[in-house]
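Asker: Here are the chains, one letter per residue:
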Amino acid sequence: MASVTLKQIGKSYGAVTAVEQFDLDIADGEFLVLLGPSGCGKSTTLRMIAGLESITTGDLMIGGTRVNDTDPKDRGVAMVFQNYALYPHKSVFDNMAMALKLQKMPKAEIAKRVNDVADMLGLTPYLERKPAALSGGQRQRVAIGRAIVRTPEVFLFDEPLSNLDAQLRVKMRMELQELHERLGVTSIYVTHDQVEAMTLADRIVILDRGRVAQIGTPREVYEQPATRFVASFIGSPAMNFMPAERAGTDWKITGTDLVIPGFGQLATEAAALTLGLRPEHIEVLPADTAPGDPWVFDATVKLAELLGADALLNLSVNGQPFLARVGGTDFPQAGETVRIRVDPARLHAFDPETELTVARAAQH
Amino acid sequence: MASVTLKQIGKSYGAVTAVEQFDLDIADGEFLVLLGPSGCGKSTTLRMIAGLESITTGDLMIGGTRVNDTDPKDRGVAMVFQNYALYPHKSVFDNMAMALKLQKMPKAEIAKRVNDVADMLGLTPYLERKPAALSGGQRQRVAIGRAIVRTPEVFLFDEPLSNLDAQLRVKMRMELQELHERLGVTSIYVTHDQVEAMTLADRIVILDRGRVAQIGTPREVYEQPATRFVASFIGSPAMNFMPAERAGTDWKITGTDLVIPGFGQLATEAAALTLGLRPEHIEVLPADTAPGDPWVFDATVKLAELLGADALLNLSVNGQPFLARVGGTDFPQAGETVRIRVDPARLHAFDPETELTVARAAQH
Amino acid sequence: MQKRPRYGLYAIVSLSVLISFFPIVWLILTSFKNTAGIYAWPPQYWPDPFTLDNYISIFTNSPELLRYILNSFIVGAGCTAITLLLGGLAAYALSRLRLRFAGMLMVGILAVSMFPPVSLLPSLFQNFLNLGLLNTYTGLILAHAGLFLPFSVWMLASYFATLPVEIEEAARMDGMGFVRIFLTIVLPLSWPGFVATGLIVFIFSWNEFPLSLVLMTQNAMRTAPVGISLYPGEYAFPWETISTATVLAIIPVLIITAIFQKQIVGGLTAGAGK
Amino acid sequence: MSRTMSLERRTALTGIGFVTPTILIIALILIYPIIQSVVLSFGQSSIDGSQPYQFVGLKHYAALMGDGRFWNALGVTFTFTALSIPLELGLGIGLALLMNESFKGKGLARLAVLFPWALPTALNTLIWRWMYNSDYGLFNGIALQSGLVDRPINFLGDEILAMGSMVVVAVWKTSSFMALIILAGLQSIPRDLFEAGRMDGMSKWQEFTQITLPLLKGPILVALIIRSMDALRTFELPFNLTDGGPVNATESLSLYAYKVIFDFLDFNFGAAVVVVQFLVIFAMSLIYVFALQNKD
Amino acid sequence: PAVAAAQELVLSIGSRGYGGMVERNIEAFEAANPDTSVEWLKVSDVPGDSRKLYVTGLTAKSPTPDVFAIDVIWAGEFAQRGWLEPLNDYLGEETIAAYNPSFLSAATVEDKVFAAPLYVDGTHLFYRSDLLEKYGIAVPKTWEEVISASKIVMEGEGNPQLYGFVSMWAKIEGLFMNWLSFINGNGASFFDADGNVAVNSPEAIAATQTMVDMLYEDRIVPDSILTMRPDDARTLFQQGRAVFLMVQDFVHAPLSAEDSPVAGKFDFTRNPYFEGHEDAHSTAMGGWLLAVNANSEHKEEAAKLVEYFTSYAAQLAAAIDENRAPGRTDVYAAPEMTEAALIQKFGEDYAVGVVRPSAITGSLYPRVSEVMQTEVTNALHRQKTVEEALNDAAAEVNSILGK
Ligand SMILES: Nc1ncnc2c1ncn2[C@@H]1O[C@H](COP(=O)(O)OP(=O)(O)OP(=O)(O)O)[C@@H](O)[C@H]1O
Ligand SMILES: Nc1ncnc2c1ncn2[C@@H]1O[C@H](COP(=O)(O)OP(=O)(O)OP(=O)(O)O)[C@@H](O)[C@H]1O
Ligand SMILES: [Mg+2]
Ligand SMILES: [Mg+2]
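Protein chains in written order, with the numbering used here: chain A, 1 to 364; chain B, 365 to 728; chain C, 729 to 1002; chain D, 1003 to 1298; chain E, 1299 to 1701.
A couple of the hints might just be wrong.
[To be verified] Lysine-lysine pairs mimicking DSSO-like chemistry, simulated, CA-CA at most 27 Å apart:
| # | chain 1 | residue 1 | chain 2 | residue 2 |
| --- | --- | --- | --- | --- |
| 1 | A | Lys90 | C | Lys990 |
| 2 | B | Lys437 | D | Lys1206 |
| 3 | C | Lys990 | D | Lys1108 |
| 4 | A | Lys101 | A | Lys130 |
| 5 | B | Lys535 | A | Lys302 |
| 6 | A | Lys130 | C | Lys990 |
| 7 | B | Lys465 | A | Lys171 |
| 8 | B | Lys468 | D | Lys1206 |
| 9 | D | Lys1106 | C | Lys990 |
| 10 | B | Lys465 | D | Lys1206 |
| 11 | B | Lys454 | D | Lys1219 |
| 12 | B | Lys471 | D | Lys1206 |
Just so you know, the hints here were simulated from the structure itself, not pulled from any lab data.
Just chain A, with the same shape it has in the complex (with noise of 0.2 Å):
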């Protein structure tokens, strides 16, 4: 196990900058996860520690030595891909025995540990067997396991569950974090599913276009998104955004005659605003509840569906249009009025122009 640290870390493509410098420190045995769209840089981000893409511009240290010009195996880790990137024509022994093969380890030695390995991952019956004759999640196992033989000190992941089917994802993934419990390898691992990131990581790191969002643990980011786009990224359904300008103290909701009441100092002199809530964060009352509270809005129903435990309600408050989630039994229904209530301590706000948080002077 070591830490791992980027020193202003970049990397570009002749005139393309595929990741912007930046920092991180990974600590000992933390669980950190590179989490963006498509394209985002975090293939090339993990891909320069593993060593495979060099290093443009900045400084990688692993366990506090600098190893931007070390081969990918004498950098202590291993990686597993997405598409498993097995020998397709080697049996599952050989290929998780490749690396200390390579390495020289007396064969005794091989044995045992792909065989303590295969053990634990439950491949002990498909040693024998050609890749091509396993399934999707066995496959999976595989290639982490061929990872595992090499105790490394930093492991690296690309995706390794986005070949898998829902069900057999879910699985893998909390196998995933049992090994991780149990071996407290560093691990970086990089994903564009939200789920993922938020169940496996200790800090989650939100690429954009190449540069970091933020920073932060899957809380942070969820409950105190630093952007827009981290906002909107993370989350499902996305959060309700709406454009508001100021009115006097309050903000109205721009298009509309809906005023959301002054919810906390702001700490901006803009005039206008995009706020953000999440449709969890939308409760729907009872009809009969009464008014009052300037929180409380009245809402007609578009559209609702019923997702399994959850229902989406589409509405509409004073023309403006809100995704609410609420749980899936006596859900009101499409073309139906109701009542609705924002939390205002739920309430985000973003510059239109920087899309940055803008923080609230007293915060919730």
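Place chains B, C, D and E with the ligands on chain A using the hints.
Answerer: Relative to the frame of chain A, chains B, C, D and E with the ligands by itself:
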């Protein structure tokens, strides 16, 4: 628009039965979803309706006419393919106009119809582009536009969204929904994504290894799954299953001391059952809730993970693992002991042999 | 929807096969005729008498034919091995190792292969003479390799482009060097591509004429096409010998093509699928 | 390798190491002789070096421009290329479509169709020359016996027929190679495009013209370049089949260059012929690439 | 038999239907010169192929082959280029004097002899003796007689597959030989007495016109003659499909072979001439010489080998066993030669032989020959009138020769 009737439709490839014979009536304007895991025969069924696959047994009626031997183009159906199947060398306009051109429609009318549809789908700026120059969502829209311009009586969709990323998928799903509301064309939609199925369908046909497992509205298949397969396939995270054995009038969860008090007369003589309970139907009570209620149990939290709006708890009740879904704020942490309540009305029971749902004598 | 019986298809297939094959069939029939039969007018469509004399006489009078075939085989095999190994390495480097001039090199390699080969002969001969490569297998193998390397580099590079790069990266992470990756990962994984390229190169080499004629001047070193082309005399054209020798010389190619024809198609398919 | 060298440079060095053997062989076999040819074409020298090389600039090229036989050879080469390539392409596409169908005995049929290409040109032209023979060749035998003609057809003795005969042999031999490359492209066309076509109401023919053909552009380009390169350099075919005759009706550029070099022993002028021929081939490839790429 | 420190000689020669002779001579030579071994590098009998091989080797100054067989028409050219070793210092005066002088002249440049004659061959008129007899026709001596005899037989037989006269009129060296026979038979020649190019003399034009007329007017020649090489013509004659055949003597062997349909039904005579030119030299001569590579590392031994192959004994044996007309005159006088009736008869025809102008034109010969082949072909194809064709030929030859 037309109704579609499948009478004992079935398909075999030589000795392999891809779809077993079944009956289905699809009403005019209905949105029917074929749902099931990979290889269950969804595409095969759809392609039989399209005319791309010959029908081994049974009759297919569209708008009351038998069309088993009618050419695809004469069935009045239009299809949207999983990977769009756009003509890569033709412009968006030409892609959409192709079917009309082949029908020898006058140029002016073609232009009018294509432009109208492009307008409706927001494709007007892209009409001159080749598909390669479009984003995934735009391509998807072109594929849909191509189907719409023909003003077919029936729309067929084969996993039209599966190649899109999560956010786009949600967006396109809503567009499809709107479109259906607007045009009201009978639609048959294949997917293996339960969220799509739940949100889009008037009725869902769930296929399991070439056999129809259940046909029903989204609510029916979610709340009253006909088989253990349906119960496990619908809902995420998946239902908790546990084997139980008869203990007098009660049922004991096999391998534990956990006794589930008799929860309604079950129409079974069997000595064993599989019980099912959805994660969202486990309620976490304040720790100081008084016991006494036979549906309240003590549980240890093994693992707690925040998904965003919700959190998942891996619980252990008397050695039996349970997955529970709770709100994302203030949920218990790993290691804590909590008190939970199971909703007996929400408990499902399946025959371990046939995997069919065991009905209750007294319906909840 | 119902499948119509496809007599038309079979008719067209049979016709294509017939057209493709009849000169060879004619050649084979000829090899079983006696001299009178060969020149008979109107032509004899079936050998009468059917005779093996030509085969017997070729083995007794021109035992060197077997030597020619062996030479062709050695040169073909050697050239195939070199083009696959070296061409494979080069293709791998050009398609995977991000060389800065990779694109230009690829185009350059293609361009030099466009030069008319007739004009290379005098200069090549001189170089080979100076290097002592005349009448050696090494020499002709090198010459053929030079002719066909551009093709193999292009074929293999386009084949590699279809392989997932992650497997090689996994191998790097496992601690393999590039040579080892090439030999133990790329080679087995691109097997169909190698087989297809190799087979095509082998056939090219087997059929190559001008260089083989000039660079192998010793009788014992000649390749089959050159050797057989020695049979026609200044004045006489011994069809019986030539047809028989040709039939014998194409048997190895026929067998190899038969064995690997699936890979030719498969390999090219993968190579072209970009 | 030094530790301090960057990863990138180490990789690049390995790459150079991998490419070097190939480049060396190509340099020895192709590049060096090509340079010699180019040098020769700008000079006057005795072939065996007994007279020193003397630079004469474009003299040989100027002479070439005024050489009727060169223009004839160029014309013959173009005619041959223009006749054989479209036929090969058409047949190649046809054969590829055929081999893409599934039917019993497909493997065997594919082998048979492939086989002409595996037969040495030097030998197969001999076979054809024999079959073309006016007085005892197979074709005339059949034609005369069946009463199609009453005088033997002089396949190789008539200007037009000789060119035609040459084209037939070329087409016979190389259509299958063309088919192979196109088949490869054919198999990479997604099947659902054809299904989309069926849903749109395309007939088989429309599928072919609207989907198959446009999508085969890439493989067709490759096939065209490879084959045109060969056709523009055709040598063994006229050499063995017609000797370039009758008169010079089938004398290709390569054959002309061969005669200049090996019969007239004029290496300098011959080199000029070859260099011009190379430029023609190169230009042709560029034209193909641009013509086919600019279409969309 | 490579014994210690042996000299290894490489001899390049085709088998040319006398492989037996080559093997025999090598064996005998090795026996006589135990220090020297000879490797026989068999080359193609197709002159173009062996020429390509020689040219590439010689321009690169390759030391092998040490000795090689060359067509008589290459000798002047190769000698001029300095590729051949002069033999005067190796062969005795006496030996050189014994060679056929007209043949030797083709290999003599600036008074030096660069190659020694191996054998001579030439064209003859083969005819179907049985058919001539059937129609009571005497063996024709002139072209006029050949044409009328052809017509009589063709008409009499009524077989559309039977032609009167066949020969090698494809655009090859053989056509040039053929044409020279024709014009010489009409009293013309390539160069006139003053050494001027005379290919368009009235006599040459008339003779050439006869060739054209045989094709289009008299119709005794098939169209396919324009693509015939020697063996094509021989095949037709052998299949009984021609009355007359004019090619080299080599065809005698296959024609008289056991399974030949015309065995015993044919004979030959000297090439025809035109009426009034009985003494014309109408037999086109060819033949092969042996030369020593100027870059050979064993010139001494090489010359010895040449000497052996062209020795009286060796040539006599070849004449008797392989019907090869000797390249030296003294062999014809040998008593054994009276036994060899055939070779004697060939020899009589060679007395009226004409050689091609290769010695005079030297390294320009290939171009000259090429021009003549092209222009005669133009005439035969009626692309040009005979007069135009031969005038063009004269002009081009003059420009090639720098006259
Ligand atoms: N070899 C290259 N040359 C030029 N640009 C490149 C290269 N490789 C990647 N890029 C660019 O760098 C950016 C980051 O790519 P990267 O693969 O890291 O994205 P990612 O976040 O992993 O996306 P995905 O989720 O699709 O895998 C992209 O915009 C990509 O186009
Ligand atoms: N041409 C065929 N020959 C034999 N079996 C086939 C053929 N096509 C499909 N099948 C089989 O029929 C079954 C149903 O296939 P189908 O394509 O309908 O599945 P699907 O539900 O659409 O799956 P997916 O979600 O993977 O697209 C599968 O088991 C498949 O293997
Ligand atoms: Mg990536
Ligand atoms: Mg499917």
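Asker: Run the distance test for Lys465 (chain B) versus Lys1206 (chain D): straight-line Cα separation, threshold 27 Å.
Answerer: Answer holds: Lys465 (chain B) to Lys1206 (chain D) is near 16 Å, not above 27 Å.
Asker: Starting from Lys101 (chain A), check that the Cα of Lys130 (chain A) is at most 27 Å away, please.
Answerer: holds (18 Å)
Asker: Lys535 (chain B) and Lys302 (chain A): Cα distance at most 27 Å?
Answerer: holds (16 Å)
Asker: Would the pair Lys990 (chain C) and Lys1108 (chain D) pass a check requiring their Cα atoms to be no farther apart than 27 Å?
Answerer: holds (10 Å)
Asker: Would the pair Lys454 (chain B) and Lys1219 (chain D) pass a check requiring their Cα atoms to be no farther apart than 27 Å?
Answerer: With Cα atoms ~13 Å apart, Lys454 (chain B) and Lys1219 (chain D) stay inside 27 Å; holds.
Asker: Is the straight-line distance between the alpha-carbon of Lys130 (chain A) and that of Lys990 (chain C) 27 Å or less?
Answerer: Distance ~23 Å between Lys130 (chain A) and Lys990 (chain C) Cα, so the pair holds.
Asker: Regarding the pair Lys471 (chain B) and Lys1206 (chain D), is the alpha-carbon distance no greater than 27 Å?
Answerer: holds (23 Å)
Asker: Could you grab the alpha-carbon distance between Lys437 (chain B) and Lys1206 (chain D) and see if it respects the 27 Å cut-off?
Answerer: Holds, because 13 Å separates the two Cα atoms, which is no more than 27 Å.
Asker: What's the verdict on Lys1106 (chain D) and Lys990 (chain C), does the C-alpha distance respect the 27 Å limit or exceed it?
Answerer: Since the Cα atoms of Lys1106 (chain D) and Lys990 (chain C) sit roughly 15 Å apart, the hinted pair holds (cutoff 27 Å).
Asker: Between Lys465 (chain B) and Lys171 (chain A), does the CA-CA distance stay at or below 27 Å?
Answerer: Status violated; Cα separation ~50 Å.
Asker: Check whether the Cα positions of Lys468 (chain B) and Lys1206 (chain D) lie no farther apart than 27 Å.
Answerer: holds (17 Å)
Asker: Run the distance test for Lys90 (chain A) versus Lys990 (chain C): straight-line Cα separation, threshold 27 Å.
Answerer: holds (24 Å)
Violated hint for the displayed structure: number 7, the only one.
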